[in-house]
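S.K.: Sequence:
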Amino acid sequence: MEGRAPLPVQGPRTALLGTEALRNHLGDLLARPPARLLIVSAYVTRIGVEWLSEATRDAAIDCDIVARWSSGDLLSGASDIEGCRLAMARGWRFHVLPDLHAKVTLVDETDIVVGSANLTGAGMSLVPAYNREFGLAAKASPEDVLACRGLLDDAVLVTQPLLEEIAAWVADNRKKELQKGPAFPDVISVQLATVPTRLFTAELPWLAAPELVARLTEPDQRVSGSLRHDVRLLGLEPRYATREDAVATIVSHLVSSRFWRWLVNAVRSQPDHEIRYGAITSLLHGALCDDPRPYRQDVKALVSNLYSYAEMFGCGLKADRPNYSQRLAVVGGA
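If you're matching positions, the sequence shown starts at 180 in this note's numbering and goes up one per residue.
The hints are simulated quantities; they were obtained by calculation from the structure and are not laboratory data. Heads up, none of these hints are tricks.
Pair by pair, the computed Cβ-Cβ distance ranges are:
(1) P361 to L195: 35 to 45 Å
(2) L336 to G256: 15 to 25 Å
(3) A362 to P340: 16 to 26 Å
For every residue, glycine included, the Cβ atom is placed at its ideal position computed from N, Cα and C.
Required output: the full structure, derived from the provided sequences and hints.
M.R.: Shown next as structure tokens:
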């Protein structure tokens, strides 16, 4: 059993903390209590939120919780509706970020705790059969705060109507003895779909679409550099027997990619749901988080790749060149 001795951050971070030491250190930070709190945890359950409420002594806190909440998470009990209900009853905001796997706590934008523990009974050692976790604590830098708060920009805020809609679906589908739980219906999936507001250069394709397809179907092409990057980015195989196979696979993966969701939203948010080359270049340059930022000329090359994807694959966008000026538009103006 690990002790309750306080674990102040004396250097850049604490030593590595085991399960109970991690929970105890976080509990010490929360006991102040903080004025502002951000909890990022792939899984969140009621027992975890109850502990959080007790640790903060039921104080009035500006609190945000971000969870993953896939359909499987909720059907299996890895996360539960009750945790969200309790958080919202406390006046806290609950968000969903479907591709989340991180576990981070930001306290008053001055202290940060990072580890493997979720805000659950097993993750926080609140039940007898708990998980073996590790984590560490440090003083939060401005860059840490920016990165953590940036998750909120990409997450979906759970409203009361959305919560009730998801709760009803979970209750109905838990009654079905399915080996593999179903996915959320479209009416819920659409509401939980997130639109990235920040991107890194590594999250964008490095090859134009025609070159990517050509290299994927070359029998003796060595997979390296930009081709390896794009294969990993889109979850592709390194070789395809035919051009049709390569195109079909790219299209099936493209629509759910972060960069494509960003692009479609960027076009849709413009007047008349269309945008010219210069404007999309400016938007992408502003959205990139690389440090240092890429040169505008490099951003133009990335935009050209995006344009080639719309031109070759469509996937909700139309590419044309009215008066020799490249333009992207949402198909049907929707």
